[in-house]
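Asks: Next come the chains, spelled out residue by residue.
Protein chains: 2
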Amino acid sequence: MRESSVVSIRDVASRAGVSMGTVSNVLNQPDLVSSATRARVLAAIDELGFVPNHAARQLRRGRSRTLGLVVLDVANPFFTDLAKGVEDTIGTAGMALIFCNSDGDQTREDAYLDLLKEQRVQGVLITPVDDASARLLRLRDRGIHVVLLDRRSRNADLCSVSVDDRLGGELAVRHLLEAGHRRIAFVGGPGRLEQVRDRHAGAVQAMTEAGLDETSLPWLDTPALTVAAGRDAAARLLGAPRENRATAVFCANDLLALGVLQGLTQQRIRVPEDIALVGYDDIDFAAAAAVPLTSVRQPRQRLGQTAAALLLGEVNEPAEHRHQQVVFEPELVVRESSRRPTAQPAG
Amino acid sequence: MRESSVVSIRDVASRAGVSMGTVSNVLNQPDLVSSATRARVLAAIDELGFVPNHAARQLRRGRSRTLGLVVLDVANPFFTDLAKGVEDTIGTAGMALIFCNSDGDQTREDAYLDLLKEQRVQGVLITPVDDASARLLRLRDRGIHVVLLDRRSRNADLCSVSVDDRLGGELAVRHLLEAGHRRIAFVGGPGRLEQVRDRHAGAVQAMTEAGLDETSLPWLDTPALTVAAGRDAAARLLGAPRENRATAVFCANDLLALGVLQGLTQQRIRVPEDIALVGYDDIDFAAAAAVPLTSVRQPRQRLGQTAAALLLGEVNEPAEHRHQQVVFEPELVVRESSRRPTAQPAG
DNA sequence: GGGCATCCTTGACACGATTCAGTTCTCAGG
DNA sequence: CCTGAGAACTGAATCGTGTCAAGGATGCCC
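Taken in order, these protein sequences are the chains called Z and B. All residue numbers for the first sequence refer to full-length UniProt numbering, where the first residue is 1 and numbers rise by one. All residue numbers for the second sequence refer to full-length UniProt numbering, where the first residue is 1 and numbers rise by one.
Please note: incorrect hints may appear among the correct ones.
For lysine to aspartate or glutamate, the following EDC-like pairs were computed, each having C-alpha atoms within a straight-line distance of at most 16 Å [to be verified]:
| # | chain 1 | residue 1 | chain 2 | residue 2 |
| --- | --- | --- | --- | --- |
| 1 | B | K84 | Z | D105 |
| 2 | B | K117 | B | D141 |
| 3 | Z | K117 | B | D103 |
| 4 | B | K84 | B | D284 |
| 5 | Z | K84 | B | D284 |
| 6 | B | K84 | Z | D103 |
| 7 | B | K117 | Z | D46 |
| 8 | Z | K84 | Z | E336 |
| 9 | Z | K84 | B | D105 |
| 10 | Z | K117 | Z | D141 |
Hints are computed from structural coordinates only; laboratory data are not their basis.
Using the sequences plus the hints, can you model the full thing?
Replies: Here's what the structure looks like:
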C-alpha cells in the first residue's frame with residue numbers, strides 16, 4: 001500500500017467523497033465541519049498517508065508558521081542552552097524553528113538571513129556578528145519581526161533580551177582587585193563582538209574605580225571565543241617577561257578560560273596560585289574544569305525563553321506590541337580558580 | 001524607499017519591461033537571456049529588493065533545496081561537532097539545513113519528522129531515538145532520502161555512518177581490566193538508545209574474555225546522557241556497601257562521566273585513586289576536566305561530513321546510488337582519570 | 001405549506017514562481 | 001526577395017492549498 005509521494009488534498013477529497021474545500025476546513029477550521037464528515041475525511045487522510053504541503057499552504061497564507069534563530073556558535077554550550085530555552089517556548093506555541101549557526105562569520109550570517117527571507121519566516125531571533133541594526137530594520141520592513149538575543153538594542157524600535165555585560169565585567173574584575181591583583185589581563189575577541197567590548201568596558205570601569213589605568217589591563221585579542229583560541233592566548237601571555245606578567249586573567253567567555261587553563265597547566269603554571277582565572281557564562285563545564293572556574297553566570301535558558309516569548313507576542317499581535325529592551329543581571333560565581341590569591345604589592 | 005513586503009516576480013518584470021518568464025530565466029537559467037536584458041532585470045531586482053518566494057518556487061518545482069538534521073541532544077558537544085561537519089558539507093553544496101533537536105524524546109522526534117515531511121525536504125540525517133527503521137523507510141517511500149547518523153543500519157536499504165560502539169566498549173573495559181580492576185560499573189541509559197546497548201555489549205564482551213561474568217559489571221541505568229544524570233548515578237554508586245563497590249566506572253558518554261566525576265569529588269572520593277573513570281566521545285571538555293578524562297574518541301566532524309556527502313550523493317543521483325554502511329573505528333585516549341589504578345586482588 | 005434561520009458544503013479564484021509551446025526578431029544563404 | 005534556423009522573449013497553464021460568496025439541506029414555527 002505504499003502511497004505515491006503525490007497525495008494531495010484533492011485525492012483525500014475524492015476518497016472521502018467531499019470537496020477540496022471541506023478537506024481544507026477539516027484541517028484548519030474543524031468546527032465548521034459536521035463530525036460525521038470530519039471523521040470520514042480524517043479516515044481518508046490516514047489511509048492515504050496525506051501530509052499537507054507546507055509550500056502550498058504558506059504560499060496561500062502568505063506567511064509561514066516558522067521562526068529563525070541565528071547564533072554565534074553552536075559549539076558553545078551557552079548558545080545551545082539558550083537555544084533550548086527558545087525551542088521550548090516556540091514549540092509549545094506550535095511554531096517551527098530553523099536553527100542557524102553563523103559561526104561569527106558575517107558572510108554566513110548574511111547567507112542565513114537570505115535563507116530566512118526566502119522562507120518567509122515570521123520572525124528572527126539573532127545574536128548578530130556586529131552592529132547589524134540597519135540590516136535588521138530592513139528585515140522588519142519586509143514584515144519579518146526581529147528580536148535581538150544576548151545583545152542590547154540601542155534602537156528603541158527593536159526588542160532585545162540581554163544581560164548587562166558591563167556589570168558582568170565589573171563584577172569579575174572587582175573580585176580580582178579585592179583579592180589583591182593589580183595587573184589583570186583581559187582575554188577576548190574579536191573586538192567586533194559587542195559582548196566582548198562591553199565586558200572589557202566593565203573591566204576598565206572597575207580598574208578606574210580602583211585608581212588604576214588601562215595599562216594595568218592589557219587586552220590579549222583572540223580571533224574567536226573558543227578553547228583553541230584560549231590555549232593560544234595562554235602561550236602569548238607566558239611570552240611576556242615575568243615581571244610584566246599579569247597575575248590574573250579575565251576571559252570574555254568560559255571556552256577561552258578553559259583554553260587558557262589548559263595552556264597554563266601545560267606550562268606548569270598553577271591556577272590560582274601563580275595566575276588567577278575568571279571566565280564568563282558559567283557553562284556547566286566551568287564547574288567541572290580541572291580547576292573549577294570562577295565565572296559570571298547568565299540566566300541562559302531564561303534568556304532564550306524570554307526572547308522567544310517577546311517574539312511570539314510581536315508576531316501574534318503586532319498592533320498591541322510595544323518594543324522593549326529586557327536586561328538581566330549577571331551574577332558572579334566564585335570557585336577555585338580565583339581563590340587564595342597571590343599576595344602582591346599594590347600598584 | 002521602503003519597499004512593501006510584497007515584491008513579486010511580476011513587479012520586477014514590469015519594472016524591467018520584460019515578462020515574468022524572462023525574470024525567472026534570469027534567476028534560473030541566465031544563459032538563455034541576453035546580457036543587456038539580464039542586466040536590466042538584475043537592476044530591477046536590486047532596486048525593488050526582490051527576494052524569491054521559496055514556497056512558490058518549491059511548490060512549482062515539487063522539491064526544495066533543503067535537508068533536515070535530527071540529533072539526540074544539542075547540548076551535547078558531540079552532536080554539535082557532528083552538526084558542524086554536516087553543515088560545512090551541506091553549505092558548500094548550496095543546500096539549506098533545518099537543524100532539529102529531539103532531546104531523546106520520541107514524541108519530539110515524530111513532531112520534527114512531520115515538520116520535515118511538510119517542508120518536503122529532500123533528505124534527512126538522523127540519529128533516531130530508537131529503532132525507527134520502519135518509520136524511516138516510510139519517509140523514503142515519500143521520496144525523502146534518509147541517512148542514519150551515529151547508528152549502524154541493519155537494513156541494507158539504508159545508508160548509515162557510524163562508529164563501532166561495541167569495539168569502543170571493549171577498548172574501554174579492556175583498558176580498565178589491564179589496570180587490575182575486577183569490578184566495573186557501567187553507567188548509561190536509557191537502554192532504548194542503541195549506542196548505549198552496543199557500548200555495554202562491548203564492555204560485557206571484554207569482561208567475558210577476561211573470564212569474568214556480568215555480575216562483575218553492574219549496570220547503573222540513567223534517564224539521559226547528561227551531566228545531571230551522571231551526578232545522580234555517582235550518588236547511587238556510593239550508596240552501595242563499600243565491599244561491593246566497583247573500583248572503576250565506564251560511562252556511556254563524557255557528559256555522564258563529568259557528572260560522575262563531580263559527584264565523586266563532592267563525596268571526597270578520589271579519581272583515579274579510589275575509583276577510576278572512563279568516558280566516551282572524547283569531547284573537548286574531557287581533556288579539560290578536573291581530572292582529565294580517559295575517553296573513547298570518535299571522529300566527530302568526519303562522521304558528519306561523511307554522512308552529509310552520502311546524503312548529497314543519494315539526493316543528486318538517486319539512480320546511481322548504492323546504499324552503504326560506513327563504520328569508523330574508535331580510539332582509546334588514556335588520561336589521568338584511569339591511571340595509577342587501585343591495586344586490588346583479582347576476583 | 002411557506003418563510004426563515006442555521007448549519008454544511010461547494011467551487012472557483014488566488015498566492016508567486018516555473019515551464020514550455022509558441023511568437024517575434026535577426027541574419028545568413030540562395 | 002524569400003526561406004529557414006536560431007536566438008530571445010512572451011504568456012498562459014500549473015503546482016497544492018486557503019478563502020469566501022453562494023448554494024443546498026434541514027429543521028422550526030406559524
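Asks: K117/Z and D103/B were given as a pair; does the straight-line alpha-carbon distance stay at or below 16 Å?
Replies: With Cα atoms ~28 Å apart, K117/Z and D103/B exceed 16 Å; violated.
Asks: For K117/B and D141/B, compute the direct alpha-carbon distance and say whether it is at most 16 Å.
Replies: holds, 11 Å
Asks: Hint check: K84/Z vs D284/B, CA-CA at most 16 Å. Holds or violated?
Replies: This hinted pair is violated, its Cα atoms lying about 21 Å apart.
Asks: Does the structure keep K117/B and D46/Z at a Cα separation of 16 Å or less?
Replies: Within the cut-off at roughly 15 Å; holds.
Asks: Given the hinted pair K84/B and D284/B, is their alpha-carbon gap at most 16 Å?
Replies: holds, 14 Å
Asks: For a C-alpha distance cap of 16 Å, please report whether K117/Z and D141/Z respect it.
Replies: Cα-Cα ~11 Å, so holds.
Asks: Please work out if K84/Z and E336/Z have their alpha carbons no farther apart than 16 Å.
Replies: Measuring from Cα to Cα gives roughly 29 Å; hence the hint is violated.
Asks: Are the Cα atoms of K84/Z and D105/B separated by 16 Å or less?
Replies: Judged against 16 Å, a Cα distance of about 14 Å means the pair holds.
Asks: Hey, K84/B versus D103/Z, does the alpha-carbon distance stay inside 16 Å?
Replies: Holds, because 10 Å separates the two Cα atoms, which is no more than 16 Å.
Asks: Holds or violated: K84/B with D105/Z, Cα cutoff 16 Å?
Replies: holds, 14 Å
Taken one by one, the earlier hints fail for this structure at numbers 3, 5, 8, listed in ascending order.
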